[in-house]
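A.B. asks: Following the hints, complete the assembly by docking chains B and C onto the known chain A.
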Amino acid sequence: MRTRCMLLILLLLPVPTLAQGTGKAPVSLQTEECLDCHVISTPGIVKDWQSSRHSRMVPAQALKKEKLARRISSESIPEALTGVVVGCYECHGQNTDSHADSFEHNGYTINVIVSPVDCSTCHAVEAREYSGTKKALAHGNLVGNSLYMTLADSILGHKAWIDEGFSVAVASSNSLHETCLGCHGTRVEVRGMKTMDTDLLGEIQIPDLSGWPNMGVGRINPDGSLGSCAACHPRHSFSIEIARKPYTCAQCHLEPDVPAWNVYKESKHGNIYLSMKEKWDFDHVPWVAGQDFTAPTCSVCHNSLLTNPDSEVIAERTHDFSSRLWVRLFSLIYSHPQPVKGDVTIIRNDDGLPLPTTFTGEPATGYLIDEAGQESRRQKMTAVCSGCHSTDWYMGHFAKMDRTVQEVDGMIHTATQVMQSAWESKTADDSNPFDEAIEKRWALQWLFFANSIKYSSAMTGAPDYAAFKNGWWELSRNLEEMKELIDLKTRSQESGVSK
Amino acid sequence: MRTRCMLLILLLLPVPTLAQGTGKAPVSLQTEECLDCHVISTPGIVKDWQSSRHSRMVPAQALKKEKLARRISSESIPEALTGVVVGCYECHGQNTDSHADSFEHNGYTINVIVSPVDCSTCHAVEAREYSGTKKALAHGNLVGNSLYMTLADSILGHKAWIDEGFSVAVASSNSLHETCLGCHGTRVEVRGMKTMDTDLLGEIQIPDLSGWPNMGVGRINPDGSLGSCAACHPRHSFSIEIARKPYTCAQCHLEPDVPAWNVYKESKHGNIYLSMKEKWDFDHVPWVAGQDFTAPTCSVCHNSLLTNPDSEVIAERTHDFSSRLWVRLFSLIYSHPQPVKGDVTIIRNDDGLPLPTTFTGEPATGYLIDEAGQESRRQKMTAVCSGCHSTDWYMGHFAKMDRTVQEVDGMIHTATQVMQSAWESKTADDSNPFDEAIEKRWALQWLFFANSIKYSSAMTGAPDYAAFKNGWWELSRNLEEMKELIDLKTRSQESGVSK
Amino acid sequence: MRTRCMLLILLLLPVPTLAQGTGKAPVSLQTEECLDCHVISTPGIVKDWQSSRHSRMVPAQALKKEKLARRISSESIPEALTGVVVGCYECHGQNTDSHADSFEHNGYTINVIVSPVDCSTCHAVEAREYSGTKKALAHGNLVGNSLYMTLADSILGHKAWIDEGFSVAVASSNSLHETCLGCHGTRVEVRGMKTMDTDLLGEIQIPDLSGWPNMGVGRINPDGSLGSCAACHPRHSFSIEIARKPYTCAQCHLEPDVPAWNVYKESKHGNIYLSMKEKWDFDHVPWVAGQDFTAPTCSVCHNSLLTNPDSEVIAERTHDFSSRLWVRLFSLIYSHPQPVKGDVTIIRNDDGLPLPTTFTGEPATGYLIDEAGQESRRQKMTAVCSGCHSTDWYMGHFAKMDRTVQEVDGMIHTATQVMQSAWESKTADDSNPFDEAIEKRWALQWLFFANSIKYSSAMTGAPDYAAFKNGWWELSRNLEEMKELIDLKTRSQESGVSK
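Residue numbers (the numbering used here), protein chains in the order written: chain A, 23 to 521; chain B, 23 to 521; chain C, 23 to 521.
One thing to keep in mind: the hints can contain errors.
[As the list claims (entries may be wrong)] Dumping the calculated PhoX-like pairs for lysine-lysine here, alpha-carbon to alpha-carbon at most 25 Å: (1) A:Lys301 <-> A:Lys363; (2) B:Lys156 <-> B:Lys402; (3) A:Lys299 <-> C:Lys301; (4) A:Lys46 <-> C:Lys301; (5) B:Lys363 <-> B:Lys402; (6) A:Lys301 <-> C:Lys156; (7) B:Lys422 <-> B:Lys402; (8) A:Lys448 <-> A:Lys422; (9) A:Lys402 <-> B:Lys363; (10) B:Lys422 <-> C:Lys363; (11) A:Lys46 <-> A:Lys87; (12) A:Lys156 <-> A:Lys402; (13) A:Lys216 <-> C:Lys87; (14) A:Lys89 <-> A:Lys402; (15) C:Lys402 <-> C:Lys156; (16) A:Lys301 <-> B:Lys299; (17) A:Lys299 <-> C:Lys299; (18) C:Lys301 <-> A:Lys301; (19) A:Lys156 <-> A:Lys363; (20) C:Lys46 <-> B:Lys301; (21) C:Lys89 <-> C:Lys422; (22) B:Lys156 <-> B:Lys216; (23) C:Lys299 <-> B:Lys301; (24) C:Lys86 <-> C:Lys46; (25) B:Lys363 <-> B:Lys89; (26) C:Lys299 <-> B:Lys299; (27) A:Lys299 <-> B:Lys156; (28) B:Lys46 <-> B:Lys87; (29) B:Lys402 <-> C:Lys156; (30) C:Lys216 <-> B:Lys301; (31) B:Lys46 <-> A:Lys301; (32) C:Lys422 <-> C:Lys402; (33) A:Lys422 <-> B:Lys216; (34) C:Lys402 <-> C:Lys363.
Read the hints as simulated data drawn from the structure, not as lab findings.
For reference, chain A alone in the conformation it holds in the complex:
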């Protein structure tokens, strides 16, 4: 049914403007030509794009919106782009000189990957805000940290059974791609060109990419830029609605290590969201508290531009997702003030380890924001809370959270003392802190259980995530089992029977 003849016929026809668009806004001739084939070869992409604002509005119109309602942040846009809708060629045809993944395709030079730099033509502020964040740098922040890679290898490395023991390999690039880098982002490199057999065109030459496909937040793109806007604004609808819904964040922020989504959906906020969301407006800009939504989603608290019904700004839009966060709840191995910079590979704790805290809980102060910085960010967040809560309510809430962080970190300290005791007594081997069963039980304490309690506290709900579901129950139970197993092993070794 899909024949090359059809393509040839199409190529011979004059290309009518507006033909494949939505019929209301002008489409470039280049994009028209893309659409002619792709409406047949990948109809889902084309329809998705046709549903988008990109297909319905030209940048010149978008620029005329009043400031608070504007969805593009660049003050000026190249004239060639202002009069046509944002179609295939407008995105895939940009900056091809700096794209190692550019290639010749039916008479056009295009890029496989549209990068944040390409998007920044119209969305300059968002791209700039994002570029220096922990998210943008997520690839390097992981693979550039020797301790984290030791952990990754201990999890992902193949374990062969040789002489009644394990021979452990390093993590393969494939297993890293499927796990950590699925969220952190891969390094996409062009290995050369390859031949691909397609239905419509037969054999074509395309770039041969490593680490592909991937939409991780810190993807290293073939133009050297960092990130994938499609991580949150998938894929050709570029939807603000999807990005504002918590399912987007849930792709990576879920239990057991980062149980933000799990906690949220069982919280009071999540309850209201899940019950009432069909009546909310997820597309309105600015996003009006009480009017467009009556309970926060992730993006309400962390990054959206919010106003009250009188158009007074409650919170400015930001694509630096830490800018309203003062404490980093995520335990490494304790909670600590947010890092000063997005590049966290530079951090060294007082023991010289690439961690933001020592094993006794001392923060790596110089690398973390100070009191004033924390207070400034706290005020940005509480401004959001104040949309629906009294000052007393949210002050009480955050005071509770502070106490909880302290209590849980106290339990991490105890578990670390148990672990250190085992290392000292040689019941465990401290040459690699992650490659033994008992060491992974220690990691469970801070990597899973502590985070579950802290996130539950922060989102003021889902008490079961603080209690039984990966919470205090497991924190205490696993601590007791750690000691039991160490005792059993110690006695077994002392009894003189060697393994």
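C.D. replies: Below, chains B and C without anything else, positioned relative to chain A:
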């Protein structure tokens, strides 16, 4: 942007009736004044209230509804309240004499917390039904039970590492607040007054509350009443729609200890709900089976007023959430008939423990409802089932459930025998039945795994919660590991090496 | 309120055609009579049916639809059925001679259970496609496999504590019904007749069925047919919308053993589905990619008839749910090519065990589809992918999946070597490979953790299911704990202290 000047200007203006309401129903002058500031300071609350029935209808109108459609149950309402909508002051300004949390705020005496007694002005029957239930008494039912508190302390108490062993503290009030009392409810007490700095008013004096914020079902309020209506009808929308949706119940009834929501959403009923809910009417009173919904949610089975399409009552509304329940599936440590009274701290089993069953499974008969009481409640529930199922279908269903409860309780008995054997042989120490790793494994059997299977059976679906997900698989596996660990410990102790 | 008098009155009235239907299509006199009572006794069922296409359209009209839009596949339908809507009697009154569950009910002979053979009157192709599949044969595929039943017994059999050890019974039929057969389907047999007391009719005689109620995919029906269409098209709405939504598949395909739903909802596809589904058309036939939906659900990839917006077929409808699958990711104990036949009890691996692979990973080649068969199915699936993705994208995706399956199977092999070492050294007893704690830990590797990673890879998302949530983290951690526990036991046995 939010200036005190604005406030002053507002205060000087005459207060127009209807100005801040929905424009259709009269608003009291006091509430108008509340709204004048709060539309600026907490717009989310105001908008939420404006979306509610409370803002659109005065009680006098509501009382005229025919009986089945009526949403207020009080036969008479103080005249001062019947002619204005139910606004800020109508709720926060009630019964201030009996509220320890009342305070002076801009010329009005108001309460921080609106309690069930306040709501009972219009919703007398619901408040009365609720007041004596296990839910209303949930705070005391936990903290007044010495055995449960021993468990709570063993989970939540800080464990310090001293001399190669743990020194265990009791649970802090903060950790109780974050976990158990998040659902059971805190005791909210007024510690005095405190100064709070606010944007609009500068420094104000407000009551200093302990155990706050909290919306647990058994919260002890500063007026001495029990409960928080906002636990299920959040927060200023007082929505019946939200209360009827299962996400509300899911805040507390979730895995691993009470996996009602988790089982429901994977069941046939949950499948139909999740697939079709956008086409249902969650606001209609009475709730018409087949017409407003085509599969039950939690509230259909447990408390809503249901009729058939001919307005014949299938089930009466109740806010005693046990009134359609005969068996308490939740294992303590076995299933048993529902308690006679909401105050379950009075229960003593035959061994004198504050538990509804003995460790061998004997029910504490005098404290639990008898056969006739069970049959009466069973009939209330099966009337709901009969809306969509033949008699044979639901009889077969409940016969299956009875068998499953018996089989699972048999497995709890075996695990308890294993535990008792360890206590007798001193492999475990029976002075505290919850503070050792092996004892927490025993608790897993009845507190997590048994409940998963029983709830899965009760909701006739989600077979994986009976099989692999915290079900029989774990029940058997953990039992085998309990024995293995006890054996290892026994041998290790016998081998003469002391720890 | 529900009196027998009412029934008598109703029975005396003339039966008006159209009275209980939707008022637009003719209803048979028999069905009218059913409805007269059941609108009172089971209003939920009647309303559900009234919402269905079955109640609104007669088969004669349905047959006139053009081929791609047709929802019934039989070319000819008995004339008696073509002119009336598909009501109670049209389904429950069919083929009563071959139904052991037929009985006399108010003057009509009807069947309790409507089977796939009954549905095949109008849906012949679907019934035929389904009849030979692994799903249809799911009951026998489980209970007819001695090894799987050994596993089932080790999980479900009651364990009594006798002489400080366990005495293990075989699985009861009740526990099998509640767990495995909840999804696989029960064998429903007629044990005789029984008396049932009903509200409307008093005591009536009905068939006494074993294994009932149940809606498992491989249910053995009293007419000898296999399956329950209501497993996916519940219950009297026969909804294609419900079947197309993933909640339906989620009833059985969920974590920890088959985490398809869990992985899907955290994937990019699931994110788009959950965010945008209210704007999709789940009822349209054929289902148009990009237009009716913009991301796949389970049924998009696995069985729906899909076209592009130009009505060109992307994928044919099938009710053989393996027909687009080449590899069986589900580890038994390794991944392997899909079986040739739906009856998988015939499979024997090279060691003579009823498994599709040996413990070293050799596939049972003769029973599994060959390279050509795999390629043919792969093309059916990739045709679906190509609706929204470039050839390079999905080729890259599946290459990644192939590598991941290989890596994970490598880890299963290592765990199996550890297990075999324990069997050889008699630290574990190999007479039953599933009944010891250490053996269940081995089963965790392939039954839970390997599947989590493989499914995550296959659905290109939810990296946490490949990483921390039952993924590589657990695969490595449990492997290390297996070795630790075996070592402890070995030493404990060697130290000469007997248990």
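A.B. asks: Now look at each hint and say whether the structure bears it out.
C.D. replies: Outcome of the hint check:
1. A:Lys301 <-> A:Lys363: Given that 25 Å is the threshold and the Cα spacing comes to 39 Å, the pair is violated.
2. B:Lys156 <-> B:Lys402: Holds, at about 19 Å.
3. A:Lys299 <-> C:Lys301: holds, 13 Å
4. A:Lys46 <-> C:Lys301: Cα-Cα ~21 Å, so holds.
5. B:Lys363 <-> B:Lys402: Satisfied, since the Cα-Cα distance of roughly 19 Å is no more than 25 Å.
6. A:Lys301 <-> C:Lys156: Measuring from Cα to Cα gives roughly 42 Å; hence the hint is violated.
7. B:Lys422 <-> B:Lys402: holds, 19 Å
8. A:Lys448 <-> A:Lys422: violated, 39 Å
9. A:Lys402 <-> B:Lys363: violated, 48 Å
10. B:Lys422 <-> C:Lys363: Violated, because 34 Å separates the two Cα atoms, which is more than 25 Å.
11. A:Lys46 <-> A:Lys87: holds, 18 Å
12. A:Lys156 <-> A:Lys402: Holds, at about 19 Å.
13. A:Lys216 <-> C:Lys87: Violated: A:Lys216 and C:Lys87 sit about 46 Å apart, past 25 Å.
14. A:Lys89 <-> A:Lys402: Distance of about 21 Å is within 25 Å: holds.
15. C:Lys402 <-> C:Lys156: holds, 19 Å
16. A:Lys301 <-> B:Lys299: holds, 13 Å
17. A:Lys299 <-> C:Lys299: Given pair A:Lys299, C:Lys299 holds - Cα atoms ~12 Å apart, limit 25 Å.
18. C:Lys301 <-> A:Lys301: Distance of about 13 Å is within 25 Å: holds.
19. A:Lys156 <-> A:Lys363: holds, 8 Å
20. C:Lys46 <-> B:Lys301: With Cα atoms ~21 Å apart, C:Lys46 and B:Lys301 stay inside 25 Å; holds.
21. C:Lys89 <-> C:Lys422: violated, 38 Å
22. B:Lys156 <-> B:Lys216: Violated, at about 34 Å.
23. C:Lys299 <-> B:Lys301: holds, 13 Å
24. C:Lys86 <-> C:Lys46: holds, 18 Å
25. B:Lys363 <-> B:Lys89: Not OK: B:Lys363 and B:Lys89 at ~29 Å, beyond 25 Å, violated.
26. C:Lys299 <-> B:Lys299: holds, 12 Å
27. A:Lys299 <-> B:Lys156: This hinted pair is violated, its Cα atoms lying about 32 Å apart.
28. B:Lys46 <-> B:Lys87: holds, 18 Å
29. B:Lys402 <-> C:Lys156: violated, 41 Å
30. C:Lys216 <-> B:Lys301: Not OK: C:Lys216 and B:Lys301 at ~39 Å, beyond 25 Å, violated.
31. B:Lys46 <-> A:Lys301: Distance ~21 Å between B:Lys46 and A:Lys301 Cα, so the pair holds.
32. C:Lys422 <-> C:Lys402: Cα-Cα ~19 Å, so holds.
33. A:Lys422 <-> B:Lys216: Between A:Lys422 and B:Lys216 the Cα gap is close to 17 Å, so the pair holds against 25 Å.
34. C:Lys402 <-> C:Lys363: Given pair C:Lys402, C:Lys363 holds - Cα atoms ~19 Å apart, limit 25 Å.
Hint check: violations occur at hints 1, 6, 8, 9, 10, 13, 21, 22, 25, 27, 29 and 30; the rest are consistent with the structure.
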